[in-house]
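Engineer: Now for the letters of each chain:
2 protein chains.
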Amino acid sequence: MALFLAVDAGGTSTRAAVLDQFGNCLGFGKAGPGNPISSGVERATESVSEASRQALGELSEPRPELQGAALAMAGGSVEVPLDGIQSTLRAHGLQNKAMIESDLLAMYLSGTHHSDGFALVSGTGAICARVEQFETSHVADGLGWLLGDQGSGYWIGHEAVLAVAAALDGRAPRTMLTGALLEQLAVPRSALRIEGRPAELQSFLLKIYALRPIQLAGFATLAFDAAEQGDQVAAEILRRAGRALLHSLAAVRPEGTALPLVIGGSILRAGSPVLQTVQEALPGVAVTRVEDGLAGAASIVLRRAGITVDEAVFTRIRDSLGGLRNR
Amino acid sequence: MALFLAVDAGGTSTRAAVLDQFGNCLGFGKAGPGNPISSGVERATESVSEASRQALGELSEPRPELQGAALAMAGGSVEVPLDGIQSTLRAHGLQNKAMIESDLLAMYLSGTHHSDGFALVSGTGAICARVEQFETSHVADGLGWLLGDQGSGYWIGHEAVLAVAAALDGRAPRTMLTGALLEQLAVPRSALRIEGRPAELQSFLLKIYALRPIQLAGFATLAFDAAEQGDQVAAEILRRAGRALLHSLAAVRPEGTALPLVIGGSILRAGSPVLQTVQEALPGVAVTRVEDGLAGAASIVLRRAGITVDEAVFTRIRDSLGGLRNR
Chain L
1 MALFLAVDAG GTSTRAAVLD QFGNCLGFGK AGPGNPISSG VERATESVSE
51 ASRQALGELS EPRPELQGAA LAMAGGSVEV PLDGIQSTLR AHGLQNKAMI
101 ESDLLAMYLS GTHHSDGFAL VSGTGAICAR VEQFETSHVA DGLGWLLGDQ
151 GSGYWIGHEA VLAVAAALDG RAPRTMLTGA LLEQLAVPRS ALRIEGRPAE
201 LQSFLLKIYA LRPIQLAGFA TLAFDAAEQG DQVAAEILRR AGRALLHSLA
251 AVRPEGTALP LVIGGSILRA GSPVLQTVQE ALPGVAVTRV EDGLAGAASI
301 VLRRAGITVD EAVFTRIRDS LGGLRNR
Chain D
1 MALFLAVDAG GTSTRAAVLD QFGNCLGFGK AGPGNPISSG VERATESVSE
51 ASRQALGELS EPRPELQGAA LAMAGGSVEV PLDGIQSTLR AHGLQNKAMI
101 ESDLLAMYLS GTHHSDGFAL VSGTGAICAR VEQFETSHVA DGLGWLLGDQ
151 GSGYWIGHEA VLAVAAALDG RAPRTMLTGA LLEQLAVPRS ALRIEGRPAE
201 LQSFLLKIYA LRPIQLAGFA TLAFDAAEQG DQVAAEILRR AGRALLHSLA
251 AVRPEGTALP LVIGGSILRA GSPVLQTVQE ALPGVAVTRV EDGLAGAASI
301 VLRRAGITVD EAVFTRIRDS LGGLRNR
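Sequence order for the protein chains is L and D.
full-length UniProt numbering puts the first residue of the first sequence at 1, with every later residue one more than the last.
full-length UniProt numbering puts the first residue of the second sequence at 1, with every later residue one more than the last.
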């Protein structure tokens, strides 16, 4: 039996799986943030090590050698020195170097074994890609909070903040988001006005500028909550988020294609109004939702070892991984 | 003869004037940035001192005592310790404390002697206000780059950057802004693609994230240039900037009012397409454009001393100040 290690290192958590050459996942582990850009190389190394250690620890001793490893990470991670991660994986018994792979490709391959198709992800950021012959041939957006990420959690959180600011100074209709955001930021409600402006708007402004911009992504959940309670302003923000994602997708996906579409990220979770907007605009398109890129990383590590990942192997990866996760 | 000092401390430059009780401006001075929030208290103090010194230096000795001073500054400056500025003005012969006044009110009163009306300013930021009885009774926007400033120089620069990013990855039409921005940022043009994305987009992204967000305001001029050369994407950004300003103005200004509207800021300079959009939406409205808040600060210092600033006094301030500036 040959053993392989697959790791999906994300901004919130890192997941690892150990699998055999048939796609049977035999061990699973989970640890903290693993994105070396947003969390730092040291933290990412710890998380990758810890998740891998857990996954390998589930196998009985003596276990066969690790034949290879694939490490799915955010694009651009290759520009960060990853020696620490490589040596920590050697300490876990990996003989050769781990392959660093695109997390977007891993996300896509978590949903399908097809060489060609499309991926659309909206979490803190938003990105979409066309995949051809198991490579991302055309990427749209994914440019971060200042340059893009349109329809992402950041985008929704920022729009919520803009809507509250505009509602407070009379440029836009009232919204439930105001109460929710001011409460979350511990801004006391007040009818006081100072120099022509509500005092609570001034306090809100100071609280927002004290944050790092990317932290606005944390307010996206308030928009989902308000929309669910019937708030029209929040509902419209979510509709526009869906349309923004469709707009980005259209840049990489020819209309009418029958190739698979894999989606992921918390903003497109099951039941999300944003997902609904996306699906309604793509009638008849088979959309597969995935939780993360771990199954795809597993698929990649086998394929790089020369093993064909057909529907049977892909299904085995997905089902055995699902079994380990749902214990 | 009684003498008064008026200072308008802005983010780019600081201007000072010395005037008599009839509104005759007798001295004028100009120095560097005077906003204590964006430039620091020390720099602001230097600028206020230097501009005041210049203005006072134009009077022949011995000159009468300074009866009062008004210092127009960005809202929120009152929360900054201004003792240094007060003592520097005492060193210039001011007996009592300088009055700190809103730069927005000073801008409005640079354009009219009427107690009631509206001000709309779009420079790096954007703000508008209703003025009632010489006080700003209702302010809209002016909330900074992350929370508002819609239709401002920052907003235009950011939209230009978004348009270039979207054009480069195929989400939006081509625009002259791409060449102009990449050249300004010294991004080499390249047809190379890396992981499904143009290499020049990746370089562009790194250059943009190396800036402080507010620096995007510097790209607004590229949008004006491109629009003038017939670029439709840039022209549409400027039209939307105008509509955003009108939207903010509508929050403080009842439709059909006959009260004066004073406008200022580089984005609304004479001949600007943004100004054109604003004026076309307000047919028959008398719009007065002002360069800064210095005449208004002069008007305020007289009024606070109990002197009525009627049309004659206001005209005297404006004309004598214009004479000194145009030497």
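Careful: at least some of the hints might be erroneous.
[What the hints assert, rightly or not] Simulated coverage check for chain L against chain D, where a stretch passes if three residues somewhere in it have a Cβ under 8 Å from a Cβ of chain D: (1) 7-20; (2) 64-72; (3) 163-171; (4) 190-201; (5) 205-215.
Note that these hints are calculated values from the structure, not bench results.
Quick reminder that beta carbons are idealized off the backbone N, C-alpha and C, glycines included.
Engineer: Quick one: see if chain D covers the region 190-201 of chain L, three-plus residues with Cβ-Cβ under 8 Å.
Structural biologist: holds (count 4)
Engineer: Mind checking, does the region 7-20 of chain L have 3 or more residues with a CB under 8 Å from chain D?
Structural biologist: With 0 residues close enough to chain D, the hint is violated.
Engineer: Checking C-beta pairs, does the region 163-171 of chain L have three or more residues closer than 8 Å to chain D?
Structural biologist: holds (count 5)
Engineer: Quick check: do three or more residues in the region 64-72 of chain L have a beta carbon closer than 8 Å to a beta carbon of chain D?
Structural biologist: violated (count 0)
Engineer: Establish whether the coverage given for the region 205-215 of chain L by chain D is satisfied; the threshold is a Cβ-Cβ distance below 8 Å, and no fewer than three residues must meet it.
Structural biologist: Satisfied; 4 residues make the cut.
This entry does not satisfy hints 1 and 2, going by the numbered hints stated previously.
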